[in-house]
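Chemist: I would like the entire structure built from these sequences, with the hints used as guidance.
Protein chains: 2
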Amino acid sequence: MVTISEQAGILTVINVFTLEPEQQERLVDFLVENKEIPMRQPGFISANLHTSLDGTRVVNYIQWRSREALEAASKNPDFIAMAKQAAEFAPHDFHVYKVASTMEV
Amino acid sequence: MVTISEQAGILTVINVFTLEPEQQERLVDFLVENKEIPMRQPGFISANLHTSLDGTRVVNYIQWRSREALEAASKNPDFIAMAKQAAEFAPHDFHVYKVASTMEV
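Here the protein sequences come in this chain order: C and P.
For the first sequence, the residue numbers in the working numbering are 77 to 181.
For the second sequence, the residue numbers in the working numbering are 77 to 181.
Read the hints as simulated data drawn from the structure, not as lab findings.
Watch out, some of these pointers could steer you wrong.
A pair counts as met if it fits within one copy or between any two copies, since identical chains are not told apart.
To be verified - Capping the alpha-carbon separation at 30 Å, the derived lysine-lysine pairs in DSBU-like fashion look like this:
1) K174 x K111
2) K111 x K151
3) K111 x K160
4) K174 x K160
Modeler: Quick look at the structure:
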């Protein structure tokens with residue numbers, strides 16, 4: 077089960093793709109078909125694909141154990157090739173985050 | 077505990093604020109100080125504030141029970157006023173999503 081919490085020890089990457097609606101499903105299919113590549117990188121926890129109902133965004137919400145794990149993955153040739161292919165689908169806004177606050181009823 | 081899953085019955089809103097680093101903490105403080113406003117709307121589940129390590133983004137990852145709940149909240153005067161004030165901090169990219177796929181090791 078994927079959880080969001082303020083606990084230390086999780087690095088969150090949020091990658092927002094802006095695309096034409098006809099590309100949305102293709103990008104999701106590409107990322108799902110190649111999911112073994114991130115999943116076999118040490119320190120990878122989860123990737124969670126979100127599709128906007130208007131068709132114009134795909135958000136990948138990704139959790140890593142640490143910045144070191146992300147940096148190591150970023151040097152893996154398969155991982156680099158996959159990220160490059162994904163980037164060819166659409167412009168994307170990639171940032172590294174911490175969870176600052178959670179509010180739950 | 078906030079969880080991400082493909083289960084039906086959750087509508088996800090992802091709101092990405094692009095801002096100057098000196099504004100990042102102020103926006104988070106504003107949203108935390110006013111958290112009672114979304115939390116008392118029927119159908120609100122959770123809001124999860126993420127701050128980019130480079131200072132230039134705040135991502136609010138919000139869960140609602142349904143689209144109807146979000147639409148009802150969007151007509152609440154306190155909620156409207158808060159959203160308007162938040163929008164004055166910075167340009168933001170607001171979309172409504174479903175969870176298309178989760179991959180977890």
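Chemist: Hint by hint, say whether it matches the structure.
Modeler: Against the structure, the hints:
1. K174 x K111: Classified as both; 23 Å inside a copy, 19 Å across copies.
2. K111 x K151: within (17 Å within a copy, 40 Å between copies)
3. K111 x K160: This pair counts as within: shortest intra-copy Cα distance 14 Å, inter-copy 39 Å.
4. K174 x K160: For K174 and K160, both the intra-copy (24 Å) and inter-copy (25 Å) Cα distances are at most 30 Å.
The structure fails none of the hints (numbered hints given earlier).
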